[in-house]
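Asks: Given chain A's structure and the hints, the job is docking chain B onto it.
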Amino acid sequence: MEPKKILVIDDEPQITRVLKSSLIAHRYDVRTAADGDSGLDLFRDFHPDLVITDLSMPEMNGIEVCRQIRGISEVPIIVLSVRGEERTKVEALDAGADDYVTKPFGIDELLARIRAAFRRAPDDKRGAQMETGDFIVDLEAHRAYVKSTELHLTPKEFELLTYLVRNHSKVLTHRALLSAVWGDNFTEQTEYLRVFLGNLRKKIEQDPSNPRYILTEPWVGYRFNPSE
Amino acid sequence: MFAFIARNRTLLGYLAALSGPISATILLIPFREAVNSTIIALAFLLVVLFVATFFGSRTALVSSCLSVIFFNFYFLPPYHTLRIDDPRNWMALFAFFVVAITVGQLSATAKRRAEEAERLFDELQEAFERASHAEALKRSEKLKSALLDAVTHDLRTPLTSIKAAITTLIEEQESRQIKLHPEGRREFFDVINEETDRLNNFIQGMVELAKIEAGALNVRKNWGSVQDMIDSAVKRAEKLIGSRHIIVDNERDLPSFFVDSRSLSEVVYTLLDNAVKYSPADSAIRMSARLADAGMIEIAVEDQGRGIPPGMREKVFSKFFRTESEEIHTTSSGLGLGLAIARGIVESQGGKIWIADGNDGFTTRVAFLIPVGDDEI
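As you go down the protein sequences, you meet chains A and B in turn. Just add 41 to the spot in the first sequence (first one is 1) and you have the working numbering. Just add 144 to the spot in the second sequence (first one is 1) and you have the working numbering.
Treat the hints as calculated values from the structure; they're not laboratory data. Incorrect hints may have been included.
Below, a list of computed lysine-lysine pairs in the DSS-like style, where the Cα atoms sit at most 25 Å apart [what the hints assert, rightly or not]:
no.: 1; chain 1: B; residue 1: K459; chain 2: A; residue 2: K211
no.: 2; chain 1: B; residue 1: K323; chain 2: A; residue 2: K46
no.: 3; chain 1: B; residue 1: K496; chain 2: B; residue 2: K355
no.: 4; chain 1: A; residue 1: K46; chain 2: B; residue 2: K307
no.: 5; chain 1: B; residue 1: K365; chain 2: B; residue 2: K496
no.: 6; chain 1: A; residue 1: K211; chain 2: A; residue 2: K46
no.: 7; chain 1: B; residue 1: K323; chain 2: A; residue 2: K61
no.: 8; chain 1: A; residue 1: K188; chain 2: A; residue 2: K243
no.: 9; chain 1: B; residue 1: K459; chain 2: B; residue 2: K288
no.: 10; chain 1: A; residue 1: K61; chain 2: A; residue 2: K211
no.: 11; chain 1: B; residue 1: K323; chain 2: B; residue 2: K379
no.: 12; chain 1: A; residue 1: K188; chain 2: A; residue 2: K211
no.: 13; chain 1: A; residue 1: K197; chain 2: A; residue 2: K211
no.: 14; chain 1: A; residue 1: K211; chain 2: A; residue 2: K243
no.: 15; chain 1: B; residue 1: K459; chain 2: B; residue 2: K421
no.: 16; chain 1: B; residue 1: K365; chain 2: A; residue 2: K45
no.: 17; chain 1: B; residue 1: K365; chain 2: B; residue 2: K355
no.: 18; chain 1: A; residue 1: K45; chain 2: B; residue 2: K323
no.: 19; chain 1: A; residue 1: K61; chain 2: B; residue 2: K307
no.: 20; chain 1: B; residue 1: K365; chain 2: B; residue 2: K383
no.: 21; chain 1: B; residue 1: K307; chain 2: B; residue 2: K323
Just chain B, same shape as in the assembly:
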C-alpha cells in the first residue's frame, strides 16, 4: 500500500487537498451556529497543515484556497453566498487566507528541509564509513608489506653469506686467480653449513608460528611428571651448555600434570637455549619448578647474563616489533622466534609466560605457569 502511495503521491495529494476542506465543511456545517468562526478557521487550518506536511506546498496551496472559499461560503454570513456583510468578517477571512497560505508553505518547507538533512546525514555516514574502511585497509596493507620485508630480510641474510662463500670457493676452483689456505677454505665451508642451518631454523620457526596463529597446533595431553619433562629438556640442551653449570631446584612432591609434554619440553629447551646464548661462560643457570596457587605449576629459568631491559620484556615475545623509528624488525636478530613460539605453546595450554628480574644473583628470570589439569578430567 505504501508503494502505491509513493507512486501516486501527487494524485493523492490533490485528492487530499480537495477532500480535506470538503470533509471539514461537511463535519462542521451542523455546528456553524453554535461554534465560533475562529474554531472553524482553526479546523480548516489543521487540514491545510496536514496536507502541507504530507503532500507538499503546491497541494497545500490548493487546500488553502479551497478552505478560504468554503469558509466564506458556508461559514461566514450570509451563508451560501460569497458575499460578506460584516466588515470584521472580511478581516477574518483575509487573515485566515494569509495564515493558511503561510502555514502551508512553511510546514512544507520544514518537511522538505528535514528530509534533505536526513538524506545528507546518511550520505555523510556512508562516506565516512568508506573512508575509514579504506584507511584501515591501507594500514593493514602497509603492515603486511612491512612484515613481508622483515621476513624476506631474514631469509636473504643467511643466503648472502652462503652465496658469497660458495662463489669464492667456485672461483678458487675455476679461475685459479686466488689460492685459499686450508683454514680459510674451511671457514667458508663452516659458514655455508651454519647459515644453511640458520635458514632452516628460521623457516621452521615461521611454520610453527603460523600453525600456532592458525590455531592448528596439535595439543596432545597426557599425565606426566614435571621432573621428567624438565630432565628431557636439560638433556637435550647438554651440548649447548659448555662451561656453564645448570642448577636444578625443583620442589619436592610436585603433582603430575596433564599437558602436552613434548611441546612444553620444547619451551623449556628454548628458555635454556636463550639463557646459554646470553650468559657468559662459567656462569650458572638455575631451573626451578614449584607448585603455585590455583592449581598451577610454575617453571622458571634464570641466568646471569646481560638481562633484558623492562621496555623489551613484552616485545621479545612477538615475532616482529617496532623500533622508535617505526621500522619493523624481526626479533630474530639474536633471540629468534623461540620466545614467540614458546608463548604460543604455553598459552594454547592455558598458561602464561613472562620475564622478570632474577633473584639470588641471577639477572633474568623467564617463567611460565601451566595448569595442573585436574579439572579437565
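Bound conformation, chain A alone:
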C-alpha cells in the first residue's frame, strides 16, 4: 500500500527535523517547509494526504495557511498550538483546521490524531446509513442506534447526533456545531449547545456524568468518540 503523504510546516528547524524522522519511521512519506509561503508551494507540488502546520509563525501564520489550503482542498489539517492560546486554536479550527495538538506533545498523541484524520471517510459517503463505532444512524428511516439499542431522539437531537457521527474523532468548535445544527444566526448561543448535548448525553452515555462518547474540549468545543 502506498504510504500516506504528510506535509509539515513549521519555522523551527529542530521540530521539523524530529517530526520528519519520526513520521518516516512510522512509514509515512514526509516533506517539510519552514514557512507558510513555501509550505503552500510544496502543497501544490507534493499533494499531501494530510497537512501539519504550526500556528505561531512569523510572516504568514498558521491560520492563514489553513485558510489558503482550505480554499483549494479538503485535505485534513492538524495544527500545532501552544496551551493557553485557546482563541487562536478556535480561530484555526474555524478557518478549516480539523484538529489540534498542544505543544509539547508526545509523538503518540500526534500519531493518534493523524490516524483519526485518515479514518474519517470523505463526505461523498453521505449515504442513507452511517455506521461508525458503536453508532448507527439511519437517515432515511430517521432512526439512530447505539450498540444496537434504539435511541429516542427529538428532531434537533437527531440532527446533532448525525453531525457528530459524521465528524467523529475530531474537535468541533461551539460555532461549528451551532452553525451546522441551528444555522449561522445562532453561533453565539453556547447555552443551547450545552443543554442539547447534556440531553443527548443522558440518552446515549452509560454514565452521563462520565461521558465516553461526547467529550468536552475545554474552551474550544467538543469531540465525538464513536466507540467507548
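Replies: Chain B only, in chain A's frame:
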C-alpha cells in the same frame, strides 16, 4: 475658626444680614445732612452685596429689606418716620429696593454657580485621572502578558522537539511497532542534547538580563590590558570559527583600562559568536581595537555576512521587539539574548554599543566604546 464659620454659616448669615444695615446706619447717621442720599443708598447696597456674596440669597433678601427700612426711616426726610414727603424720594426708595434685591440675588447666584463649576471641574479631573490610570494599567498588563507569551513560546519550542524525540525513542523500545536505523536514532539523541542546551542558554540569558535590569550586575573593575581581554574571547570562540579566519587588528600601545574584564570578554565573545553564525564559511572576521577620543577605547567586530538592515539595528539590542503587525516576538529566533545582554553590560560600565556598515569589504560592524577609566581613580 473657619470650621466654626462653616458649621454655623446660616446663623452667621442672618447675623450679618442684621448687623450690616445696622452698622451702616450707625456709621452714616452723623453725615446724613452732608452727604447725598445716593451715597447712602450705595453704602447700603454694598452691605447687601457683601452679605449676598458670603451668605447666599436668602440672607441677602433679609438684608435688602432691612436696608430699605433703615434707608427710609433714618435717611429720607422726614427723619425717624416711615413717611416720605418728597415724591422723588419715593422713586429713589423704590429704585433702591429693586436694585438691592436684584444685586443680592444676582451675586448670590453668581457665587453659587462659580462654586458648582469648580466642584464639577474637580470631579472631571479626578475622573480623567482615574481613567488614564486604568488605561495605563491595562496597557502595561497587555504588554506584560504579551511578553510572557513570547517567553513561554521560547521555552516551549525546545521542549517540543525534546518531547517528540524522546517519545519516539520510547515507542521504539516499548512497542516494537517501529524500528529506527542507527543514524535515525542518533539524530533523536542529538536533537535532545542540542535542544536541552538551547533551553539552558535561554534560561541563563533571561536570568542575566533580569539581573542587568534590576541593576544587580556585579561589576568588578580591575586594570587590565585590552589585548589580553580580546585574546581570551577569541580563544574561547576558537571552536566556533570553523573555516572562517579571524583578523586581529589592534592599534599599538593601547593603554590599560579599568573595567570588568570578564564581562567585557563575554561581550566580545557574543559579537564573535554572532559574526560566525551569520557569515558564510571561509569568510573573514575582523576584530579591531583603538583609542577613540575622550578617553574611550573602541572595540569592533566586523563580518562578511548578510548584514543587518538599518531598520533592525536598534531592535536587535532589545530582548523583545514588535513586528509591524504589533505582535511581540523574542529576538531569540536567531540572535538570542546575547546583544541585549551585551548592551546591558557595556552600558553598566559607562559605554555604548551600536551597529553600522562594515568597511573594506566587511558588511556589518558591531562596535562598542568603553571608558579607559582614568578618572575613576
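Asks: Work down the list of hints and note, for each, if the structure agrees.
Replies: Status of each hint after checking the structure:
{"no.": "1", "hint": "B/K459 to A/K211", "result": "violated, 42 Å"}
{"no.": "2", "hint": "B/K323 to A/K46", "result": "holds, 19 Å"}
{"no.": "3", "hint": "B/K496 to B/K355", "result": "holds, 19 Å"}
{"no.": "4", "hint": "A/K46 to B/K307", "result": "holds, 23 Å"}
{"no.": "5", "hint": "B/K365 to B/K496", "result": "holds, 17 Å"}
{"no.": "6", "hint": "A/K211 to A/K46", "result": "holds, 20 Å"}
{"no.": "7", "hint": "B/K323 to A/K61", "result": "holds, 15 Å"}
{"no.": "8", "hint": "A/K188 to A/K243", "result": "holds, 15 Å"}
{"no.": "9", "hint": "B/K459 to B/K288", "result": "holds, 18 Å"}
{"no.": "10", "hint": "A/K61 to A/K211", "result": "holds, 23 Å"}
{"no.": "11", "hint": "B/K323 to B/K379", "result": "violated, 43 Å"}
{"no.": "12", "hint": "A/K188 to A/K211", "result": "holds, 21 Å"}
{"no.": "13", "hint": "A/K197 to A/K211", "result": "holds, 21 Å"}
{"no.": "14", "hint": "A/K211 to A/K243", "result": "holds, 21 Å"}
{"no.": "15", "hint": "B/K459 to B/K421", "result": "holds, 18 Å"}
{"no.": "16", "hint": "B/K365 to A/K45", "result": "violated, 63 Å"}
{"no.": "17", "hint": "B/K365 to B/K355", "result": "holds, 18 Å"}
{"no.": "18", "hint": "A/K45 to B/K323", "result": "holds, 18 Å"}
{"no.": "19", "hint": "A/K61 to B/K307", "result": "holds, 14 Å"}
{"no.": "20", "hint": "B/K365 to B/K383", "result": "violated, 28 Å"}
{"no.": "21", "hint": "B/K307 to B/K323", "result": "holds, 18 Å"}
Taken one by one, the earlier hints fail for this structure at numbers 1, 11, 16 and 20, listed in ascending order.
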